[in-house]
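Chemist: Here is how the chains run, residue by residue.
Protein chains: 2
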Amino acid sequence: MRIAVVAPSCTLDPTIPARLDPLAAAHGHEVYFHPQCFLSEGHFAGPDAARVAALVEVANDPAFDAVWFARGGYGACRVAEDALTQFGPAARSKYYLGYSDAGFLLAGLYARGIGKPVHAPMPSDLNREGGEGAVARVLAWLAACRAPAQAGAHLSQDARLRPSPEHTNLQTAFNLTVLSQLLGTLLQPDLTNHILMIEEVGEYLYRIDRSLFHITSNPGIRRIKGLMLGRCSDIPPNHPDFGRDVESITREWCSRSGIAYLGRADIGHDINNAIIPFGETI
Amino acid sequence: MRIAVVAPSCTLDPTIPARLDPLAAAHGHEVYFHPQCFLSEGHFAGPDAARVAALVEVANDPAFDAVWFARGGYGACRVAEDALTQFGPAARSKYYLGYSDAGFLLAGLYARGIGKPVHAPMPSDLNREGGEGAVARVLAWLAACRAPAQAGAHLSQDARLRPSPEHTNLQTAFNLTVLSQLLGTLLQPDLTNHILMIEEVGEYLYRIDRSLFHITSNPGIRRIKGLMLGRCSDIPPNHPDFGRDVESITREWCSRSGIAYLGRADIGHDINNAIIPFGETI
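Same order as they appear, the protein sequences are chains A and B.
When the letters of the first sequence are read in order and numbered with our numbering, they come out as residues 27 to 308.
When the letters of the second sequence are read in order and numbered with our numbering, they come out as residues 27 to 308.
By construction, these hints were calculated from the structure, which means they are not laboratory data.
Source: prediction; values computed, not measured.
Idealized CB from N, CA, C, for every residue including glycine.
Don't take every hint at face value.
Claimed, not checked - These stretches of chain A come out as covered by chain B in the derived footprint (C-beta under 8 angstroms, 3 or more residues):
hint : segment
1    : 97–108
2    : 208–216
3    : 249–262
4    : 266–277
Kindly produce the complete structure, drawing on both the sequences and the hints.
Modeler: This is the structure:
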């Protein structure tokens with residue numbers, strides 16, 4: 027498979043390509059790192075215009091089967107609307123993979139029924155201890171997607187478009203804060219009957235509580251089939267002690283809002299972060 | 027005026043009443059500190075049920091002319107919907123004063139047309155250096171409201187209800203993060219034709235940028251007359267340097283979203299925080 031890497035958020039460690047290329051080759055993939063990945067302007071991997079242009083370029087290039095977001099951080103919401111409106115026909119038959127801040131784009135793609143958004147580890151995960159395993163899982167998953175592609179049906183029209191609402195147990199996965207910050211914008215997808223998995227990193231319990239208030243109070247989110255709680259890591263100590271843990275907080279907001287709590291999900295900012303193709307049945 | 031203080035968020039410093047009472051008396055007010063203000067359970071000023079009960083009790087008590095939120099922190103969103111649905115007729119002819127986390131309640135009150143929500147300094151501001159001045163301004167402002175009250179018209183039906191949409195330049199003020207976190211919930215008020223003032227404290231520039239993306243991408247917020255930027259204090263250093271300041275960030279999101287940027291507002295987490303009665307013309 028031909029995979030393009032772009033960085034809609036923060037700049038990518040320039041040592042990543044040399045470490046990723048052999049892994050990709052071992053799975054039969056070719057990876058193109060767009061030069062934009064290594065730009066840096068303030069917080070971001072280059073100016074908004076450069077990030078939009080790179081993303082639009084690879085999405086609209088029929089030579090690529092997948093667009094892999096290089097890393098998270100922050101910045102995808104600044105380019106998502108601009109970029110998505112420029113996506114053409116070739117963009118519709120692609121996989122889009124990433125998590126964390128990339129969720130702004132996965133959400134917007136899913137809202138518009140463009141391609142197959144996939145919550146998945148990213149190239150930058152190579153910088154985690156043991157991250158090769160996470161990256162290799164993505165490459166193996168894409169390789170398994172490849173066979174039907176060669177049969178000309180790897181990403182049928184049915185798979186590209188959002189499944190019809192009578193289907194249930196359709197899965198999606200988001201960083202909690204990112205999901206909260208896209209509610210009510212054009213990036214918010216219809217998650218009716220979906221199983222929504224959330225994960226978080228580096229947020230105080232009071233902020234997790236507030237974000238859970240926000241998402242579970244949203245009429246669109248209240249139409250989900252149920253919520254699954256991924257891993258919430260690097261939670262700074264709350265002063266005073268918050269008095270409850272993240273699972274009891276989640277259960278409480280689910281109970282208050284009439285959303286089914288469906289247990290733990292295998293996602294998070296770590297090397298075990300599961301691959302969750304949006305809209306597929308669990 | 028008879029003023030009731032309750033704490034829907036965090037617990038109040040128990041030394042505040044002895045310092046506030048003489049100031050209040052000097053302005054002709056009597057202040058009742060509900061005992062709930064001094065409860066403490068985990069992060070909050072007592073359990074949710076106790077915070078709801080205290081707020082409902084003072085709102086529905088015709089003996090009080092104003093409900094003053096003791097302090098911010100976090101917790102008002104956990105009690106707002108429960109409490110507001112229990113507000114009866116006596117709750118409609120009261121002032122409700124506070125800022126920061128209390129914005130969840132001011133928003134919900136304004137959304138339901140209950141009483142007169144007022145962005146204003148709080149009793150806990152006495153713990154800021156020079157905070158007596160901020161608290162005294164609120165007491166003086168309420169005293170000025172009192173005269174028409176004695177004539178039986180201090181808070182007419184017209185003033186209580188949200189002004190009709192043909193009015194413009196109606197003012198509101200919120201903490202940016204609080205506003206972001208209530209968008210799409212039942213607490214979101216209709217701010218059509220309003221001048222929206224925002225302020226922030228203790229947030230990274232990348233988070234301020236993300237929150238501004240969120241609020242300026244909301245269809246309801248896009249119907250405002252214009253945005254004014256209050257003070258954003260205690261911004262932690264961004265790594266790497268964010269590359270733009272908070273005013274240029276705000277101008278940029280206003281420009282992108284078609285919202286008029288109307289300059290600076292005199293609000294913030296400080297002793298100069300202005301009193302902004304919701305829905306009154308600037």
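Chemist: Three residues or more, CB to CB closer than 8 angstroms: is that satisfied between the segment 249–262 of chain A and chain B?
Modeler: The restraint on the segment 249–262 of chain A is violated, since only 0 of its residues have a Cβ under 8 angstroms from chain B and three are required.
Chemist: Within the segment 97–108 of chain A, is the number of residues with a Cβ closer than 8 angstroms to a Cβ of chain B three or more?
Modeler: Result for this restraint: holds, n = 4.
Chemist: With a C-beta cutoff of 8 angstroms, work out whether three or more residues of the segment 208–216 of chain A approach chain B closely enough for the coverage to hold.
Modeler: holds (count 6)
Chemist: Please count how many residues of the segment 266–277 of chain A have a CB within 8 angstroms of a CB from chain B and say whether that reaches 3.
Modeler: holds (count 5)
Going through the hint list in order, the structure does not satisfy hint 3, though it satisfies all others.
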